[in-house]
Amino acid sequence: MTLNIEKDVLMLMLERMWRIRHFELKLTEMYGAGEIGGVHLYIGQEAVAVGACAAMDDSDYIAGNHRSHGHPIAKGANLKKAMAEIFGRIDGYCKGKGGSMHLADFSVGILGESGIVASSVPVATGAALASKLEGKKFVSAVFFGDGASNQGACHESMNLASVWNLPTIFICENNQYAVTTSYRDTVAVEHISDRAQAYNMPGVLVDGQDAIAMYEATREAVRRARNGEGPTLIEALTYRFEEHSLGLEKIRKSVYREDKEIDEWRLRDPLEILTKNIVDTGMATQAECDAVSTAVQVEVEEAAEFARNSPFPDESELYKDMFSSEMPVV
Amino acid sequence: MTEKMFMQALGMGIAEEMRADPKVFLMGEDVRASVYGAAAGLHDEFGDDRILNTPLSENGFFGAAVGAAAVGMRPVVETLTSFMWVGMDQLVSQAAKMRYMFGGQATLPVVYRAVMYYGGGSAAHHSDRSYPVFMNIGGLKVVTPGTPADAKGLMKTAIRDDDPVIIFEDGTLLGTRGDVPDEPDFFVPFGVANILREGTDVTLVAIAGSVPHALAAAKELASEGVSVEVIDPRTLVPLDKETILSSVAKTGRLVVADPAAKVCSAASEIMSIVGEEAFWDLQAPMQKAASKQVHIPFAQSLEKLVYPSKEGIAESIRKTLD
Ligand SMILES: Cc1ncc(C[n+]2csc(CCOP(=O)(O)OP(=O)(O)O)c2C)c(N)n1
Ligand SMILES: [Mg+2]
Chain E
1 MTLNIEKDVL
11 MLMLERMWRI
21 RHFELKLTEM
31 YGAGEIGGVH
41 LYIGQEAVAV
51 GACAAMDDSD
61 YIAGNHRSHG
71 HPIAKGANLK
81 KAMAEIFGRI
91 DGYCKGKGGS
101 MHLADFSVGI
111 LGESGIVASS
121 VPVATGAALA
131 SKLEGKKFVS
141 AVFFGDGASN
151 QGACHESMNL
161 ASVWNLPTIF
171 ICENNQYAVT
181 TSYRDTVAVE
191 HISDRAQAYN
201 MPGVLVDGQD
211 AIAMYEATRE
221 AVRRARNGEG
231 PTLIEALTYR
241 FEEHSLGLEK
251 IRKSVYREDK
261 EIDEWRLRDP
271 LEILTKNIVD
281 TGMATQAECD
291 AVSTAVQVEV
301 EEAAEFARNS
311 PFPDESELYK
321 DMFSSEMPVV
Chain V
1 MTEKMFMQAL
11 GMGIAEEMRA
21 DPKVFLMGED
31 VRASVYGAAA
41 GLHDEFGDDR
51 ILNTPLSENG
61 FFGAAVGAAA
71 VGMRPVVETL
81 TSFMWVGMDQ
91 LVSQAAKMRY
101 MFGGQATLPV
111 VYRAVMYYGG
121 GSAAHHSDRS
131 YPVFMNIGGL
141 KVVTPGTPAD
151 AKGLMKTAIR
161 DDDPVIIFED
171 GTLLGTRGDV
181 PDEPDFFVPF
191 GVANILREGT
201 DVTLVAIAGS
211 VPHALAAAKE
221 LASEGVSVEV
231 IDPRTLVPLD
241 KETILSSVAK
251 TGRLVVADPA
261 AKVCSAASEI
271 MSIVGEEAFW
281 DLQAPMQKAA
291 SKQVHIPFAQ
301 SLEKLVYPSK
311 EGIAESIRKT
321 LD
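From first to last, the protein sequence lines stand for chains E and V. Per the working numbering, the first sequence runs over residues 1 to 330. Per the working numbering, the second sequence runs over residues 1 to 322.
Next comes chain E alone, as it looks inside the complex:
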């Protein structure tokens, strides 16, 4: 097998995917121990964010959604600060004011996540508008779900990005369900990517379990965007291995999806797929790939310790950051 992709990109993707996986396995353990509340897990979807972000530069922007530990980690966020934020601590990315659904790191181009489904799509589109107005080369990508794809904010943004020819990359992570509702019951076209036609932009359907496929599709979308050729809609077909959020495991006993379907998708684990691809090329051995995972586990343990030891924000923080300068308390 030969690949049109460099070894360091592959290994970076593998590392970032393991960082997300181990980070969230740790969160699951901590949730079980009562250390944190329920959060939305990205397990099963890691290839989407990692493949996409690997095709972007540090100066490019991304925005995410409620299921967004993976997006900032894929873009290069620091695990300690991310974990501390999930713990609501002062050393977290947002000084404990954002939490699991809002892990913004503006310093590496993460414009933040949104708890309101689809609400960050217009924001990311606006970052692309700034790029165009200022004649800059940076692009802006936004990750949103199949459920979000039905929001007006998505449709308005795709139309806006197309008529203004903006360097926006719309990445729909079709994990097939919005909580318990199948996209087949809510999306009128066969594929969400088909909607791109209505906005006169390319619509690309990608295997979201395959980091290399995601990387290649995003690389082409980034190329177009930087060249002034406008936006792209990428639909990454993927699957949420766990329930909608920690704490909602009981839902699985309901009828919205079959255990068989979950088992089949688990056979398409994005980490196994990427590892196999790397080993098959001969660029790295199985042992080298395993070593990446082991190293990341240490990093995650350190992040957990860091988060536990960071203090909660004190009362002096309560009114801070409402405005850019201090305002009288009303």
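Honestly, the hints are just simulated from the structure, not real lab data. Just so we're clear, the structure is a prediction, and the values are computed from it rather than from any experiment. Treat the hints with care, since some could be wrong.
Here are the in silico distance ranges between beta carbons for each label pair [to be verified]:
1. E:152 <-> V:292: 49 to 57 Å
2. E:152 <-> V:249: 45 to 53 Å
3. E:317 <-> V:216: 42 to 50 Å
4. E:324 <-> V:22: 43 to 51 Å
5. V:35 <-> E:318: 40 to 48 Å
6. E:152 <-> V:120: 25 to 33 Å
Sample of chain E residues lacking proximity to chain V, with all beta carbon distances greater than 12 Å (derived) [what the hints assert, rightly or not]:
7. 57
8. 228
9. 260
10. 261
Using 27 Å as the maximum straight-line C-alpha spacing, the simulated DSSO-like pairs for lysine-lysine come out as follows [said to hold, decoys possible]:
11. E:137 <-> V:304
12. V:241 <-> V:304
13. V:288 <-> V:319
14. E:26 <-> E:253
15. V:23 <-> E:132
16. E:276 <-> E:260
17. V:319 <-> V:219
18. E:136 <-> V:288
19. E:7 <-> E:320
20. E:320 <-> V:241
21. V:304 <-> V:262
22. V:319 <-> V:292
Beta carbons are placed, not taken as given, at the ideal position from N, Cα and C, and that holds for glycine.
Put chain V with the ligands on the given structure of chain E with help from the hints.
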């Protein structure tokens, strides 16, 4: 100083700031043609790249303005107050909350210009006076100019401000005239009320379009021997409560004239502050001269009953003297 219409003064403020800073741009529906008036001439001067006609997608372009601001631009967005409901998610969930929610990382120098038509037989969907809603949300600066000079000076301050600002451009004032400073370094600071008329017997706080009615009522009361102090807060967030409180300490009486519907209005908030902080200064119950708590009816015979008028404000002042 040159005499200008309120609407021209708004446009002067935008044009001067666009000349001063290439990061300022204007976007909205039909802004190139300046359908609402204040943007007249801007497209000729600044061209397509800085005056952007948007699709009818308030949620989409309100949010695009947030994103552009987040990465360093200074967008000015034109809309009607009543259309803000459609883009409310972006105003509340993003513009207002991003800085706090992200621990201070987001700086959002975006201005939403809400043209506030009412009083002209436009019925319920085109007559909103919604600034109190935005006072309640937090994270947004809420600006309500009452004179042409303030229209220019507050617009310029809004565009230079690093926080999201909503400036409510009162439709009943757009045609009013007044002296406006020509100097490009004329700015009206936020959080500083304007004492439009000094007086000793009653404090009358007047917001946005109620300013001319308040001044007329004060004049009428003067002929009856009552000295009314008229204060325009100019910005509701931040609110210059000190000026109001020290006036009430002097007069012992308060009336607030507010074109918004009376329940949870700006008047409600101002009266609550005075109640909490200056109760013992009061010599009479405070009076709220706000709009009636109804949707805006189309029929002129009904609509004219809704808003605070000169007569209604005068009536409220007299009540404090009973
Ligand atoms: C506007 C809005 N409506 C409803 C919700 C509640 N909610 C949170 S996540 C979610 C499902 C989102 O589905 P999708 O976009 O497919 O993302 P996924 O959770 O599958 O990653 C819902 C309904 C919300 N947060 N925001
Ligand atoms: Mg989904």
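Quick rundown of the hints versus the structure:
1. E:152 <-> V:292: 49 to 57 Å: 33 Å, violated
2. E:152 <-> V:249: 45 to 53 Å: 50 Å, holds
3. E:317 <-> V:216: 42 to 50 Å: 47 Å, holds
4. E:324 <-> V:22: 43 to 51 Å: Violated, since residue 324 of chain E and residue 22 of chain V (Cβ atoms, about 21 Å apart) do not stay within the stated range.
5. V:35 <-> E:318: 40 to 48 Å: For residue 318 of chain E against residue 35 of chain V, whose Cβ atoms are near 43 Å apart, the range 40 to 48 Å holds.
6. E:152 <-> V:120: 25 to 33 Å: 30 Å, holds
7. 57: Consistent with the label, residue 57 of chain E stays out of reach of chain V, its closest Cβ about 14 Å off (over 12 Å).
8. 228: Given a closest Cβ separation of 14 Å, the condition holds.
9. 260: Answer for residue 260 of chain E: holds, closest chain V Cβ roughly 38 Å.
10. 261: 33 Å, holds
11. E:137 <-> V:304: Violated, at roughly 55 Å.
12. V:241 <-> V:304: 31 Å, violated
13. V:288 <-> V:319: 11 Å, holds
14. E:26 <-> E:253: 24 Å, holds
15. V:23 <-> E:132: 12 Å, holds
16. E:276 <-> E:260: 24 Å, holds
17. V:319 <-> V:219: With Cα atoms ~17 Å apart, residue 319 of chain V and residue 219 of chain V stay inside 27 Å; holds.
18. E:136 <-> V:288: Given pair residue 136 of chain E, residue 288 of chain V is violated - Cα atoms ~52 Å apart, limit 27 Å.
19. E:7 <-> E:320: Answer violated: residue 7 of chain E to residue 320 of chain E is near 45 Å, above 27 Å.
20. E:320 <-> V:241: Cα-Cα ~21 Å, so holds.
21. V:304 <-> V:262: OK: residue 304 of chain V and residue 262 of chain V at ~16 Å, within 27 Å.
22. V:319 <-> V:292: 18 Å, holds
In this structure, the earlier hints numbered 1, 4, 11, 12, 18, 19 are contradicted, and the remaining ones agree with it.
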